[in-house]
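Undergrad: The primary structure of each chain is shown beneath.
Protein chains: 2
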Amino acid sequence: LKSGSLRIVVLLKMVSIVLIGTGNVARHLYDAFRSTDFCNIIQVAGRNEHALNYFKPRTATSTNFRELADADIYIIALSDDAINTVSDNLIVKNKLVVHTSGSVPLTALPGTNRAGVLYPLQSFTREFPVNFKEVPICIEAGNRADIEILNKMASALSDRVYDISYEQRKSLHLAAVFVNNFTNHLYAIGEDICLENNLPFSILHPLIRETSRKIEHVSPKDAQTGPARRNDTGTMEKHLEELDNATRAEIYSLISKSIRETHGRGID
Amino acid sequence: LKSGSLRIVVLLKMVSIVLIGTGNVARHLYDAFRSTDFCNIIQVAGRNEHALNYFKPRTATSTNFRELADADIYIIALSDDAINTVSDNLIVKNKLVVHTSGSVPLTALPGTNRAGVLYPLQSFTREFPVNFKEVPICIEAGNRADIEILNKMASALSDRVYDISYEQRKSLHLAAVFVNNFTNHLYAIGEDICLENNLPFSILHPLIRETSRKIEHVSPKDAQTGPARRNDTGTMEKHLEELDNATRAEIYSLISKSIRETHGRGID
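These protein sequences, in sequence, are chains E and X.
Counting from 0, one number per residue, gives the positions in the first sequence under my numbering.
Counting from 0, one number per residue, gives the positions in the second sequence under my numbering.
Incorrect hints may have been included.
It does not matter which identical chain is used: a pair holds within one copy or between any two.
In silico DSBU-like links for lysine-lysine, alpha-carbon gap of 35 Å or less [what the hints assert, rightly or not]:
#1 K256 x K213
#2 K220 x K169
#3 K237 x K132
#4 K213 x K92
#5 K256 x K220
#6 K237 x K256
#7 K256 x K151
#8 K213 x K237
#9 K94 x K12
If you are wondering where the hints come from, they were derived from the structure by calculation, not from laboratory data.
Treat the numbers as computed from the prediction; the structure is a model and nothing was measured.
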């Protein structure tokens with residue numbers, strides 16, 4: 000066998016996976032892995048008996064973390080707090096143990112195993128399908144061989160795989176809070192203002208779509224418009240008067256201040 | 000002639016338009032109107048000689064607001080402040096004079112003419128093409144006949160025409176500041192955090208796209224996720240430590256507070 004052929008043999012070998020967790024991330028990963036030829040989920044473990052029902056028709060399940068199947072890889076798809084607790088009580092040894100969190104270091108995983116991270120940069124909502132091919136997946140591991148395995152797993156799911164450090168991943172998670180969680184909250188405020196004025200929220204959909212689409216072509220700094228950008232104090236004062244919710248008025252003032260700081264007062 | 004046929008004759012008659020203004024809104028409206036069979040722009044007027052060059056190859060132009068052509072409709076596509084000044088000095092009488100602002104009342108237009116509003120709810124960036132068919136256009140006028148004319152004009156441009164009051168339009172404009180201007184600023188912060196950590200901003204594009212797409216199917220209030228939503232104080236504290244920019248830390252705290260107020264503390 001030439002090394003090229005050998006490489007193909009290695010690539011084709013399936014890896015067996017035990018998935019620990021039954022929440023949104025676990026479900027979406029489960030569905031995505033099942034559609035690949037490289038990753039075979041042989042067991043799903045979770046404390047919540049009811050949540051395991053989703054997996055039962057197709058995969059062995061367990062509510063007992065002391066009864067995990069023997070597999071190549073263990074994926075802990077749990078909340079940040081639970082990662083520590085569960086990984087401290089893992090009975091497996093010398094396996095690749097992987098968490099899926101944006102803000103937990105590799106070192107949070109037990110030293111008795113090889114540690115890895117497979118962080119899908121997406122906000123998962125139950126029952127809302129995700130096209131995993133477009134989801135960036137950030138990977139990290141303690142050695143080159145494990146990076147290779149995680150790279151193959153992630154590449155089986157997505158076209159966008161990033162091998163980044165813990166510091167980068169943490170920053171990315173923070174950036175994601177701004178562009179996803181906080182942006183979504185601004186949408187919720189927009190919806191409220193519409194409903195309070197007998198307007199359908201759908202009237203804002205094209206603007207929201209356009210705003211998000213534009214920044215794939217123009218830097219958001221260059222795309223900035225609005226009263227704060229052009230330092231239109233008259234309009235800003237009128238808007239503040241109109242906002243009868245104190246927290247929303249604070250948000251309006253603060254983000255307007257931040258826009259003016261970014262672009263300099265009185266420009267435009 | 001039956002009334003049905005008469006109606007068709009009325010519908011087919013083109014309206015002539017003088018467009019006052021040469022900025023982004025004027026340009027985009029100009030391009031959009033030119034692709035319709037109903038609206039014929041016969042003149043563009045603006046103080047900025049250079050900006051008129053865009054229109055000159057196809058349409059008569061003037062820098063003198065005292066030399067406006069005779070038309071059915073005059074559209075003032077200028078900034079809020081300029082609307083007052085220009086409309087006070089309009090020489091035309093008994094015409095339909097229309098502004099394009101989200102926050103200026105009908106009464107800001109001169110009483111010697113019939114007043115109207117044609118407000119396209121979109122953020123226009125020069126050189127960034129807009130599909131006008133999807134842009135919501137809000138109209139208002141002082142009488143039913145003018146509403147009909149504006150409705151025909153707006154429907155020639157877009158599939159989404161809304162006949163709404165000044166109060167509603169003002170609120171919509173405020174909501175648009177939250178979901179467009181403020182959201183775009185959060186994108187800019189996300190971009191900064193990426194660049195500071197040697198990550199390409201494009202790594203956030205799929206998440207941004209997904210967040211904006213999701214709320215067309217799920218109310219943003221129901222779609223809310225993130226550390227503030229689940230009251231994950233540990234992660235929030237770590238994020239605040241990581242933010243070395245004081246205004247950004249304030250934004251993080253305030254929007255997190257607002258999310259907790261919306262959803263109730265400790266839920267999830």
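Undergrad: Next, verify each hint and record whether it holds.
TA: Hints, one by one, checked against the model:
1. K256 x K213: Both ways: K256 and K213 sit 23 Å apart in one copy and 29 Å across, limit 35 Å.
2. K220 x K169: both (23 Å within a copy, 26 Å between copies)
3. K237 x K132: between (45 Å within a copy, 30 Å between copies)
4. K213 x K92: neither (49 Å within a copy, 41 Å between copies)
5. K256 x K220: both (15 Å within a copy, 26 Å between copies)
6. K237 x K256: So K237 and K256 pass the 35 Å test inside a copy (16 Å) and across (24 Å) alike.
7. K256 x K151: Answer is neither: 45 Å inside a copy and 40 Å across each miss the 35 Å cutoff.
8. K213 x K237: Cα proximity of K213 and K237: in one copy and across copies (28 Å, 31 Å).
9. K94 x K12: within (17 Å within a copy, 77 Å between copies)
In summary, the numbered hints that this structure violates are 4 and 7.
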